[in-house]
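Now for the letters of each chain:
There are 2 protein chains.
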Amino acid sequence: MTEITATEREMGTAFLPRFDAQGLLIAIAVDSRTREILMVAYMDEAALAKTRETGLAHFHSRSRGKLWLKGETSGHFLRVEEIRVDCDQDALELRVRPEGPACHTGATSCFYRRLEGDGLERVEA
Amino acid sequence: MTEITATEREMGTAFLPRFDAQGLLIAIAVDSRTREILMVAYMDEAALAKTRETGLAHFHSRSRGKLWLKGETSGHFLRVEEIRVDCDQDALELRVRPEGPACHTGATSCFYRRLEGDGLERVEA
Chain E
0 MTEITATERE MGTAFLPRFD AQGLLIAIAV DSRTREILMV AYMDEAALAK TRETGLAHFH
60 SRSRGKLWLK GETSGHFLRV EEIRVDCDQD ALELRVRPEG PACHTGATSC FYRRLEGDGL
120 ERVEA
Chain Z
0 MTEITATERE MGTAFLPRFD AQGLLIAIAV DSRTREILMV AYMDEAALAK TRETGLAHFH
60 SRSRGKLWLK GETSGHFLRV EEIRVDCDQD ALELRVRPEG PACHTGATSC FYRRLEGDGL
120 ERVEA
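Those protein sequences? They're chains E and Z, same order as listed.
Just so you know, we're using numbering that gives the first Met the number 0 here: the first sequence kicks off at 0 and counts up by one.
Just so you know, we're using numbering that gives the first Met the number 0 here: the second sequence kicks off at 0 and counts up by one.
Check the hints yourself; a few may be wrong.
[Claimed, not checked] A short, non-exhaustive set of chain E residues, derived as facing chain Z with CB atoms under 7 Å:
{"#": "1", "residue": "F14"}
{"#": "2", "residue": "L66"}
{"#": "3", "residue": "R78"}
{"#": "4", "residue": "T104"}
{"#": "5", "residue": "R113"}
[What the hints assert, rightly or not] Output of the computed footprint for chain E on chain Z, the stretches with three or more beta carbons under 8 Å from beta carbons of chain E:
{"#": "6", "segment": "4 to 12"}
{"#": "7", "segment": "20 to 31"}
{"#": "8", "segment": "35 to 42"}
{"#": "9", "segment": "70 to 84"}
{"#": "10", "segment": "90 to 104"}
[As the list claims (entries may be wrong)] Using C-beta positions, here's what the derived DEER-type ranges look like:
{"#": "11", "chain 1": "Z", "residue 1": "A13", "chain 2": "E", "residue 2": "A48", "range": "16 to 26 Å"}
{"#": "12", "chain 1": "Z", "residue 1": "E120", "chain 2": "E", "residue 2": "T72", "range": "33 to 43 Å"}
{"#": "13", "chain 1": "E", "residue 1": "D117", "chain 2": "Z", "residue 2": "T6", "range": "41 to 51 Å"}
{"#": "14", "chain 1": "E", "residue 1": "A20", "chain 2": "Z", "residue 2": "E2", "range": "40 to 50 Å"}
{"#": "15", "chain 1": "E", "residue 1": "G118", "chain 2": "Z", "residue 2": "R96", "range": "19 to 29 Å"}
{"#": "16", "chain 1": "E", "residue 1": "R17", "chain 2": "Z", "residue 2": "H75", "range": "18 to 28 Å"}
{"#": "17", "chain 1": "Z", "residue 1": "T12", "chain 2": "E", "residue 2": "A48", "range": "36 to 46 Å"}
These are computed hints drawn from the structure, not numbers from a lab.
Just so it is clear, CB atoms sit at the ideal spot from N, CA and C, and this is done for glycine as well.
Starting from the given sequences, assemble the full structure and let the hints guide the process.
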């Protein structure tokens with residue numbers, strides 16, 4: 000197999016996801032309507048395949064070391080409407096329709112606090 | 000030093016960034032006006048400190064193994080207006096004002112292609 004060049008990966012039309020040394024890609028889930036960033040997690044090859052196959056966001060849990068269907072316990076699935084890939088194909092943007100709060104804390108988005116001075120302040124997204 | 004509990008990290012007002020085993024956090028840069036995701040990269044403790052100190056996004060380059068001021072060669076700095084942190088404090092959302100295209104390819108955003116079938120299609124962001 001020939002080496003994939005940086006130019007092919009960056010400018011081409013072939014989807015050539017670049018998993019890191021741990022076999023992972025970054026996946027950022029964004030609400031397709033509000034454009035709010037809901038959460039960020041990792042995908043391995045299996046999670047990416049399952050996401051494409053089912054249309055529901057799957058990730059790889061680093062702490063549990065396994066495939067994780069987002070919403071499998073809460074019912075708060077993320078329906079994937081579009082997948083974008085970055086220049087070097089090591090990160091994905093998932094444009095999703097969330098079926099409930101994306102954060103396990105009950106917040107719409109995991110990014111519910113902002114840095115204010117040296118502390119955090121809760122924000123409404 | 001006492002252990003930080005998950006509840007303190009998730010619900011508290013203390014900024015307690017959680018660097019991974021490689022000493023890194025995910026940092027997502029978003030255009031504060033358009034809400035477009037511009038790029039995603041990693042920050043180590045030094046990159047985070049420099050970003051907070053200067054107001055310009057700094058990252059840690061995994062490939063070069065060093066601190067990287069975004070825009071240091073291109074002049075396309077990202078001026079950080081707000082920093083949000085996610086529930087478990089291992090990822091940051093930087094709301095920025097970009098001084099030029101964020102992507103080294105010249106695109107506004109690194110996420111300039113979407114998955115369409117098995118290939119990629121260029122999109123205007």
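> Taking a Cβ-Cβ distance under 8 Å as contact, does the segment 70 to 84 of chain Z have three or more residues in contact with chain E?
Replying inline: Three-residue rule met by the segment 70 to 84 of chain Z, so holds; n is 4.
>> Please check whether E120 (chain Z) and T72 (chain E) have a Cβ separation lying inside 33 to 43 Å.
In response: holds (35 Å)
> Would the hint on L66 (chain E) stand, with a C-beta cut-off of 7 Å toward chain Z?
Replying inline: violated (19 Å)
> Cβ-Cβ distance between R17 (chain E) and H75 (chain Z): within 18 to 28 Å?
Replying inline: holds (23 Å)
> Holds or violated: R78 (chain E) as interface residue toward chain Z, Cβ cutoff 7 Å?
Replying inline: violated (15 Å)
> Do three or more residues from the segment 20 to 31 of chain Z put their C-beta atoms closer than 8 Å to C-beta atoms of chain E?
Replying inline: holds (count 3)
>> At least three residues with a C-beta closer than 8 Å to a C-beta of chain E: is that true for the segment 90 to 104 of chain Z?
In response: This one holds; 5 residues, not fewer than the three required, reach chain E with a Cβ under 8 Å.
> Does the CB of T104 (chain E) sit less than 7 Å away from some CB of chain Z?
Replying inline: At about 5 Å, which falls below the 7 Å cut-off, the nearest Cβ of chain Z leaves the hint on T104 (chain E) intact, so it holds.
>> Assuming the hint says 19 to 29 Å, is it satisfied by the Cβ distance from G118 (chain E) to R96 (chain Z) or not?
In response: holds (24 Å)
>> Taking beta carbons only, do three or more residues of the segment 35 to 42 of chain Z come closer than 8 Å to chain E?
In response: Since three or more residues must qualify, the claim that chain E covers the segment 35 to 42 of chain Z holds, with 4 doing so at under 8 Å.
>> Checking hints one by one. Is F14 (chain E) an interface residue toward chain Z, by the C-beta closer than 7 Å rule?
In response: It holds, given that the least Cβ distance between F14 (chain E) and chain Z is near 5 Å, below 7 Å.
> Okay, T12 (chain Z) versus A48 (chain E) on CB: inside 36 to 46 Å?
Replying inline: holds (40 Å)
In this structure, the earlier hints numbered 2, 3, 11, 13, 14 are contradicted, and the remaining ones agree with it.
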